[in-house]
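S.K.: Chains as they are written, first to last, in my numbering: chain R, 1 to 322; chain E, 323 to 636.
Don't read these hints as lab results, they were simulated from the structure. Among the clues, some could well be false.
Each computed DSS-like pair below joins lysine-lysine, with the alpha-carbon atoms no more than 30 Å apart [what the hints assert, rightly or not]: (1) R:K319 with E:K454; (2) E:K454 with E:K538; (3) R:K178 with E:K370; (4) E:K408 with R:K178; (5) E:K538 with E:K450; (6) E:K418 with R:K166; (7) E:K370 with E:K454; (8) E:K385 with R:K50; (9) E:K448 with R:K44; (10) R:K319 with E:K408; (11) R:K319 with E:K448; (12) E:K493 with R:K166; (13) E:K329 with R:K166; (14) E:K545 with E:K526; (15) E:K450 with R:K44; (16) E:K545 with R:K166; (17) R:K178 with E:K591; (18) E:K370 with R:K319; (19) R:K44 with E:K545; (20) E:K385 with R:K178.
Reference listing, derived: stretches of chain R covered by chain E, where coverage requires no fewer than 3 residues with Cβ under 8 Å from a Cβ of chain E [to be verified]: (21) 49-56; (22) 64-75; (23) 132-138; (24) 232-238; (25) 272-283; (26) 293-300.
For each residue, glycine too, the CB sits at the ideal point set by N, CA and C.
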Amino acid sequence: MGKSIVNKLTDSINEDLFEFQEYDEEEAKRGGYSNYSYWYSTWKVFIQNKLAVFLLILMSLLLIFTLIQPYLPNQKSPTEIHINQETRLPLSNNPPDSEFLFGTNTIGQDLWSRIWSGSRTSLLIGLVVGAWEAVIGITIGAMWGYIPWLDRPITEIYNVINNIPKTIILVLMTYIMKPSLYTMIIAMGLTSWIDMARFVRNLTVIIRDREYNLASKCLGTPTRRIITKNLLPYLVSVIMLSIALSIPQTIGYEVFLTYIGLGLPVSIPSLGNLINEGRLLMMAPAQRYQLIFPSIIISIITISFYMMGNVFSDAADPKNHV
Amino acid sequence: MIKYSIKRLLQSLFTLFIIVTIVFLLMRLLPEEGYFGASYDKLDEQQKEAILTSMGLRDPIHKQLGSFYKKLLEGDLGQSITFRPKVPVAEIIKDKIPYSLYFGLAAIGISLVAGVSLGIAMAMGKGKMWDKLGTGYVVFIRAVPAAVYFLFLQLYLTSVFKLPILFDIDKPISWILPTISMSLGGIASYAMWIRRYMVDELNKDYVKLARAKGLKGRKIMIKHVFRNAFVPMAQYLPATILFTIAGSIYIESLYSIPGMGGLLVEVIKRQDNTLVQALVLIYSSIGIVGLFLGDILMAIFDPRINLEKKGGAR
Numbered sequence: 001m002g003k004s005i006v007n008k009l010t011d012s013i014n015e016d017l018f019e020f021q022e023y024d025e026e027e028a029k030r031g032g033y034s035n036y037s038y039w040y041s042t043w044k045v046f047i048q049n050k051l052a053v054f055l056l057i058l059m060s061l062l063l064i065f066t067l068i069q070p071y072l073p074n075q076k077s078p079t080e081i082h083i084n085q086e087t088r089l090p091l092s093n094n095p096p097d098s099e100f101l102f103g104t105n106t107i108g109q110d111l112w113s114r115i116w117s118g119s120r121t122s123l124l125i126g127l128v129v130g131a132w133e134a135v136i137g138i139t140i141g142a143m144w145g146y147i148p149w150l151d152r153p154i155t156e157i158y159n160v161i162n163n164i165p166k167t168i169i170l171v172l173m174t175y176i177m178k179p180s181l182y183t184m185i186i187a188m189g190l191t192s193w194i195d196m197a198r199f200v201r202n203l204t205v206i207i208r209d210r211e212y213n214l215a216s217k218c219l220g221t222p223t224r225r226i227i228t229k230n231l232l233p234y235l236v237s238v239i240m241l242s243i244a245l246s247i248p249q250t251i252g253y254e255v256f257l258t259y260i261g262l263g264l265p266v267s268i269p270s271l272g273n274l275i276n277e278g279r280l281l282m283m284a285p286a287q288r289y290q291l292i293f294p295s296i297i298i299s300i301i302t303i304s305f306y307m308m309g310n311v312f313s314d315a316a317d318p319k320n321h322v
Numbered sequence: 323m324i325k326y327s328i329k330r331l332l333q334s335l336f337t338l339f340i341i342v343t344i345v346f347l348l349m350r351l352l353p354e355e356g357y358f359g360a361s362y363d364k365l366d367e368q369q370k371e372a373i374l375t376s377m378g379l380r381d382p383i384h385k386q387l388g389s390f391y392k393k394l395l396e397g398d399l400g401q402s403i404t405f406r407p408k409v410p411v412a413e414i415i416k417d418k419i420p421y422s423l424y425f426g427l428a429a430i431g432i433s434l435v436a437g438v439s440l441g442i443a444m445a446m447g448k449g450k451m452w453d454k455l456g457t458g459y460v461v462f463i464r465a466v467p468a469a470v471y472f473l474f475l476q477l478y479l480t481s482v483f484k485l486p487i488l489f490d491i492d493k494p495i496s497w498i499l500p501t502i503s504m505s506l507g508g509i510a511s512y513a514m515w516i517r518r519y520m521v522d523e524l525n526k527d528y529v530k531l532a533r534a535k536g537l538k539g540r541k542i543m544i545k546h547v548f549r550n551a552f553v554p555m556a557q558y559l560p561a562t563i564l565f566t567i568a569g570s571i572y573i574e575s576l577y578s579i580p581g582m583g584g585l586l587v588e589v590i591k592r593q594d595n596t597l598v599q600a601l602v603l604i605y606s607s608i609g610i611v612g613l614f615l616g617d618i619l620m621a622i623f624d625p626r627i628n629l630e631k632k633g634g635a636r
């Protein structure tokens, strides 16, 4: 693109012969430039699924509501025991009315605020365990896949942990430690990363030697860019899926541990505790609402996260982008 | 084949050794109240120390491990402390296994037949009614905690069909609901797996060839695609069958079935340390044996697996 004509060969090293070109969008388009944006395409595929969008809005509202619920007017404390003014006795098993939207439990605590407080606890556990799973799982999985001499030892460790049923490890850990929120998170986090690590390992092994990565490397692309542009898009869907699915999973484990008597202490309202309290009353039809309300909320939360996670993971897969 | 099996067996034994050792060491962290039974409150510190010493729990850890392995090799799992005091663990377990085995095997049978049929139906009518209904079912079962729908099934189905709420060995009608409830999860996972596999497989060349030969859709599905889909399932089948011994914790306690599932919960509540240890050991060994058998089974089923290659069937 030099302005002057090259007459002699020695002229060609003259820097004046070259000039920097300005970026021109029209020109670039002709050269095959595409304004493909990973996140925009993911979002576009995601919003095509109307049900998933509805669930996303529902869950966002629910999340905001559980966070601000204690600060709204006329909300009761989830652990306060309400007293009947006439009889001076606890207001136990009060059926749902305008004062107590979901009624009260056997010792006179407001079920409505207990359910939201419980959702808060359970969602917190789910998010922490999910984030933990993503961070540890991806780190170990990537090392497992990238560093050859680590392959054998980590595979052995994987075999050992994977051979023991997860619930047994969970039960054992909660039995050894004192019941608390941390116990719950540690016990679940201890095993949850293992599947993620294996998945990331397999993915890393498959992707790292693909031709396009080799080509990228030959063209001088820095490793950082290969990781963020070539590898990460594959992992994003996995990470999001694992966080979304860890919520129904941890809620399930929490209900299970509470059921066998190793859950959170009764003083902390959680969805597991609520189900367990409701279960004890289920044979009395008049008090069945104490099982039904928490069950409905649990089902809505778990199904929504499960479905959103699956739809999002499909949408985040670059193969599904047009 | 034999060379592979022996190699795999040695590997399993090594894993088993590690797990037993880890479990044993973890068990030393158990709350110490669990070694005294009902007399815990009456004893003073000195007496407690004396009892722990006499049980060998104050010995150095390698000595404890040694005597534990010696006993284990003689088949002695110890005696129950609080659950049924002084009764050997093996005897307690012996009475409970048949219940868990019956319900577990029945549930596997039902879930295999129903799950596989549902999966095939979903894959063949992709996007149609069966597929949508089936997907809804799978999502519900996999997302919602099992305790929740088990409770509602027990609550409403017993009143609608006039079934007994609790298990009674003499009334076969009371066996129906626990068996069905136990198979729900299995149906969902088999259906999901079969559907996903078949849908992926339908675009493969061998299916196109079979179609070009003029075979009917149904025949291709069952004779070609399903056989391939079944191979990876076979790997987990032995473990699933062996784990029926462990029983279902929810079902057995909801319907008060005197099986193994309720036992672990019960002994944890009563803090019976030797029983907890014995059960955890049994369950982990089942896992290893199951996986070993699964790998062998898969190697037999799938001629494509090259056993001499490094890594074997994994």
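S.K.: Kindly indicate which numbered hints from before are broken by the structure, ordering the numbers from low to high.
M.R.: 7, 8, 10, 12, 16, 18, 19, 21, 22, 23 and 24
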